[in-house]
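Trainee: One letter stands for each residue in the lines below.
Protein chains: 2
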Amino acid sequence: MANNIDLDKETLFIVSQTFKALGDPTRIRILHLLSKKECSVGEIVEHLSLGQSTVSHQLRFLKNLRLVKSRREGTSIYYSPEDDHIMDILEKTIEHSNHD
Amino acid sequence: MANNIDLDKETLFIVSQTFKALGDPTRIRILHLLSKKECSVGEIVEHLSLGQSTVSHQLRFLKNLRLVKSRREGTSIYYSPEDDHIMDILEKTIEHSNHD
DNA sequence: TGATAATATGAACATATACTCATATACGGT
DNA sequence: ACCGTATATGAGTATATGTTCATATTATCA
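Respectively, the protein sequence lines represent chains A and B.
With the UniProt record's numbering, the residue at position 15 of the first sequence is 15, and numbering never jumps.
With the UniProt record's numbering, the residue at position 3 of the second sequence is 3, and numbering never jumps.
Everything labelled a hint here was simulated from the structure, so no lab data went into it.
Some hints could be false.
[To be verified] Below, a sample of chain B positions facing chain A; criterion: calculated Cβ distance under 7 Å:
hint	residue
1	I5
2	T11
3	V15
4	V41
5	L50
6	L65
7	R72
[What the hints assert, rightly or not] Cut-off 25 Å, straight-line C-alpha distance, at most; resulting in silico cross-link-like pairs (SDA-like, lysine to any residue):
hint	chain 1	residue 1	chain 2	residue 2
8	B	K37	B	K9
9	A	K37	B	K9
10	B	K9	A	G42
11	A	K20	A	T93
[As the list claims (entries may be wrong)] In silico negatives: residues of chain A with every beta carbon more than 12 Å from chain B:
hint	residue
12	R27
13	R29
14	T54
15	R71
Each residue gets a CB set at the ideal place from its N, CA and C atoms; glycine is no exception.
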């Protein structure tokens, strides 16, 4: 049928990719941490007790979707949120889940 | 370290499950359709050209998370959204992705 | 330039996910 | 009670995903 009620392929792809990014505990923890303060990879590793490689992989994932951005400072690379809309959704949903 | 900046296990589970639900194209299409109008399983199958079993499985998934609810009418079962907050997030993100 | 620290990358592996097929269940009409 | 229609369920399968390990890259400093 493929009528007007359905969503187009591209919208579907973008939206699903975006939510998929928020659908993993590790990425949620990273984003939530970054919402509090800009962090280097090493700081994320320490704060969340994760493997360096794990964090690096997930940051690349998030950066590809433009959910985070990075800047270099010496040998360290600092990450921070880039998409206000998505961060807002994440934080609101965390709050929402807390008073149930 | 496990400090105050990190999220507790339960919150993490609920939030990730919720976003995981929105991270699949099929479920997005179903939820978006239901946001327009209450539908029976058969109507969803027709509108979205999906397999009956696929739709049924996904509806169970969504119902477990209390994202949709159902009512019986004869042999048909009609589904509709149950979580306003999540539906709002979905619709807003769809809009957000459209004017980029 | 060599050594060290911080981060990124690729391959391998284990698990999770979504679909399909076949079958079961539930209801209404006859 | 039997049949047809609508929906649900379980097993099997193929693909996607997340982590780990080993190694590569990049930058700083002596």
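Trainee: Hint by hint, which ones does the structure fall short of?
Mentor: 4, 5, 6, 7, 8, 12 and 13
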